[in-house]
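Peer 1: Protein chains in written order, with this note's numbering: chain A, 1 to 347; chain B, 1 to 347.
For the record, the hints were derived by calculation from the structure and aren't laboratory data. Computed from a prediction, not measured in an experiment: that's the story for all the values here. Hints should not be assumed to be uniformly reliable.
[Unchecked claim] Think about it this way: if two alpha-carbon atoms lie no more than 27 Å apart in a straight line, the pair counts; the simulated DSSO-like pairs of lysine-lysine are:
| id | chain 1 | residue 1 | chain 2 | residue 2 |
| --- | --- | --- | --- | --- |
| 1 | A | K64 | A | K157 |
| 2 | A | K310 | B | K5 |
| 3 | A | K19 | A | K5 |
| 4 | B | K310 | A | K5 |
| 5 | A | K5 | A | K62 |
| 6 | B | K19 | B | K39 |
| 7 | B | K5 | A | K64 |
| 8 | B | K64 | B | K19 |
| 9 | A | K310 | A | K62 |
| 10 | B | K64 | A | K62 |
| 11 | A | K62 | B | K19 |
| 12 | B | K284 | A | K284 |
| 13 | A | K62 | B | K157 |
| 14 | B | K157 | B | K39 |
| 15 | B | K310 | B | K157 |
| 16 | B | K157 | A | K5 |
| 17 | B | K157 | A | K64 |
[Stated by the list, open to error] Just some of the chain A residues that point at chain B, by a computed CB distance under 8 Å:
| id | residue |
| --- | --- |
| 18 | V83 |
| 19 | A92 |
| 20 | N100 |
| 21 | R183 |
[To be verified] Simulated coverage check for chain A against chain B, where a stretch passes if three residues somewhere in it have a Cβ under 8 Å from a Cβ of chain B:
| id | region |
| --- | --- |
| 22 | 47-60 |
| 23 | 71-79 |
| 24 | 272-280 |
| 25 | 285-292 |
Heads up, the beta-carbon is just placed ideally off N, CA and C, and yes, glycines get one too.
Number of protein chains: 2
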Amino acid sequence: MKQPKVTVVDVAHAAGVSKSTVSLVLQGSSLVNETTRAKVGAVIRELGYVYNRSAANLRQSKSKIVGIVVNDLTNSFFAELAVGMDMVVQSAGYIQFMANSAENPDRQAEVIASMREHGMAGLILSPARGTTSADLRPLVDSGIPVVLVARNVPGLKVSSVVSDGHAGAAAAVRHLIELGHRRIAFLGGFNDTAVFDERMRGFRDALVEAGLDASDELVISSAPSRAGGVAAVERLLSMADRPTAALCFNDAVAFGACDGLRSARIEPGVDFGVIGFDDVIEAKTAVPALTTVSVDPQGMGRRAAQLLLKQINSGDFEPEALVASVRLVVRESCGAAQRMKREAVTA
Amino acid sequence: MKQPKVTVVDVAHAAGVSKSTVSLVLQGSSLVNETTRAKVGAVIRELGYVYNRSAANLRQSKSKIVGIVVNDLTNSFFAELAVGMDMVVQSAGYIQFMANSAENPDRQAEVIASMREHGMAGLILSPARGTTSADLRPLVDSGIPVVLVARNVPGLKVSSVVSDGHAGAAAAVRHLIELGHRRIAFLGGFNDTAVFDERMRGFRDALVEAGLDASDELVISSAPSRAGGVAAVERLLSMADRPTAALCFNDAVAFGACDGLRSARIEPGVDFGVIGFDDVIEAKTAVPALTTVSVDPQGMGRRAAQLLLKQINSGDFEPEALVASVRLVVRESCGAAQRMKREAVTA
DNA sequence: CTTGAAATTTGGAACGATCTAAATTACCAG
DNA sequence: CTGGTAATTTAGATCGTTCCAAATTTCAAG
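Turn these sequences into a full structure, and let the hints steer you where they fit.
Peer 2: The following block contains the structure:
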């Protein structure tokens, strides 16, 4: 059962040539005679030879391995991201170490270190919450290309691919304004993250642009989860001058907000406008269907992988920052459907 | 920027010892003097040395890499599976190549070949539809441990971890019978897969056990997707002696079935009982909430990884077949809530 | 036949670790 | 001191590949 593994030398011997020739055949060199190439190829198949890439890399020190570390694979947004990367990495003839950091910076550091020991040529990282630039500095300084995706790490000079949170938030707010809302809140998310900051600024800028109130009390931060959404909406409902609509940090918060509204006998999408962010898979099927800002995670993954491969192949490179565009998907939770119905009646 | 990489020899030189000693330190051997160990450790940190595991493996030919290939990472069931594996693989000090085959056997073959060239110690595979035993034979024969998960490949003597589809389907059917249904259908899934066969037999056995009709016309196969569910339920509604409830091949089919029922003005969970399979994440939040057979994919992933590691560590091993137990999660779509309400009124 | 250039093939030194067996050093009792 | 054992350290071969420089073969023209 356990084959004593066969090497180039075995192949060479069986084919009656030298190991150098076999090596040449393996790399498809044009130096080798067509007859010998065929002969060696036949022997390779016959003996069931498998190429040992680590041995090869040892000599030429350029591996075909990239690392992919994602903060939460169970979140379908990040799973899609990973699948996008997988597609381009695979079709470029590379293979990936892939690991889930589960939002734990220590675990993240461990797997990155391990990948480095195994000789990865580059890393795509969707960083765990709390990742600092110091965590990544040694890796970056060693000259290994790194691409951050979905989230940024402040103070680190590396490439990144992030979605346009500012534009997305602004578009969502403009849509709510167009629907007639004049007092709009921003719900959920930890206010010490870069993503929060960007979306919140988009929110605020759109309000200011329309000459509406954009004061601090309209921004209610909380955990970026369903539970956080419930908590945030409770705070909102206790406000004196109560808003009539809200943009949420992400879809999970938006779902929580809907839960919270319902338990206060306020129907989301009818009595109150709710917009989410990310367009997770459940957004379409939820009741009411969630109006949300959609960010094609698979496309982002592909772009990140392309960027990384480009940097790996060009010995020297400059960090690049890509911004993935974003689009508002209007469904029911914002109340657009309601308004159309109303207009139909009036007409 | 680009460090000329430092090796054991550099460390040895800087620490004033031989490379053998450095190697001993690296493997934490007790042979080396405490003073030298400290000295070498300091130099290692100072020079920013990174261990080159491929070089090491070349000599000792036992890598700390496992391969994980999954048929569809965008499906949250399989994503959870992968996360479970990730957990145990990572904490065992291994690292994984992970790839998505996207249900494409050719792509699957490619990535497995690539992983093999890179020297993986074992493989966990959730096989793409259409995988044959011939596809995996060479790998298995080479003595590399392989664990199949979620799906089996007929005619291949390797370890596997699958859920108990028979018991799950039977439990679901018994529950429907208990709710008063006497004519029950099985919807969706391709009837040439092992998983289909197992679930369908569980369905049939439970019907026979209760002395009910279990004829072929009650089994309506289709694509295992939402669209497939719609198609299957349409065929069901055109039947002469129409069933009053259905067990679906998986949750996607169940959602489709609900869609189809609604467009025929039949309310799932009220006029018709629907049960799914897998307990995907949306099952809980859908309307009506889906009654379904839950299979803890993360736990399955963990068990698969544990099994693989066990086989890697014991030089020789026998294939083992693990069956993950399964439990029925009763929500709304089966009509149980309705019945309870009715009973409350009657009481 | 030679001959020289082109086409092939090849030996052996890397690559960065481990491992064996042997060398060196330390230490202690006599 | 000396011998002997225990504790450390080390030289050098080795793992499976690539690559350089050199060797060999092929072959058409003189």
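Peer 1: If a hint holds in the structure, say so; if it doesn't, say that too.
Peer 2: Each hint tested on the structure:
{"no.": "1", "hint": "K64/A x K157/A", "result": "holds (24 Å)"}
{"no.": "2", "hint": "K310/A x K5/B", "result": "holds (22 Å)"}
{"no.": "3", "hint": "K19/A x K5/A", "result": "holds (16 Å)"}
{"no.": "4", "hint": "K310/B x K5/A", "result": "holds (22 Å)"}
{"no.": "5", "hint": "K5/A x K62/A", "result": "holds (24 Å)"}
{"no.": "6", "hint": "K19/B x K39/B", "result": "holds (14 Å)"}
{"no.": "7", "hint": "K5/B x K64/A", "result": "holds (18 Å)"}
{"no.": "8", "hint": "K64/B x K19/B", "result": "holds (23 Å)"}
{"no.": "9", "hint": "K310/A x K62/A", "result": "holds (14 Å)"}
{"no.": "10", "hint": "K64/B x K62/A", "result": "holds (20 Å)"}
{"no.": "11", "hint": "K62/A x K19/B", "result": "holds (24 Å)"}
{"no.": "12", "hint": "K284/B x K284/A", "result": "holds (15 Å)"}
{"no.": "13", "hint": "K62/A x K157/B", "result": "violated (37 Å)"}
{"no.": "14", "hint": "K157/B x K39/B", "result": "violated (51 Å)"}
{"no.": "15", "hint": "K310/B x K157/B", "result": "holds (17 Å)"}
{"no.": "16", "hint": "K157/B x K5/A", "result": "holds (21 Å)"}
{"no.": "17", "hint": "K157/B x K64/A", "result": "violated (32 Å)"}
{"no.": "18", "hint": "V83", "result": "holds (5 Å)"}
{"no.": "19", "hint": "A92", "result": "violated (12 Å)"}
{"no.": "20", "hint": "N100", "result": "holds (5 Å)"}
{"no.": "21", "hint": "R183", "result": "violated (29 Å)"}
{"no.": "22", "hint": "47-60", "result": "holds (count 9)"}
{"no.": "23", "hint": "71-79", "result": "holds (count 4)"}
{"no.": "24", "hint": "272-280", "result": "violated (count 0)"}
{"no.": "25", "hint": "285-292", "result": "holds (count 3)"}
Violated hints, listed in ascending order, are 13, 14, 17, 19, 21 and 24; each of the other numbered hints is respected by the structure.
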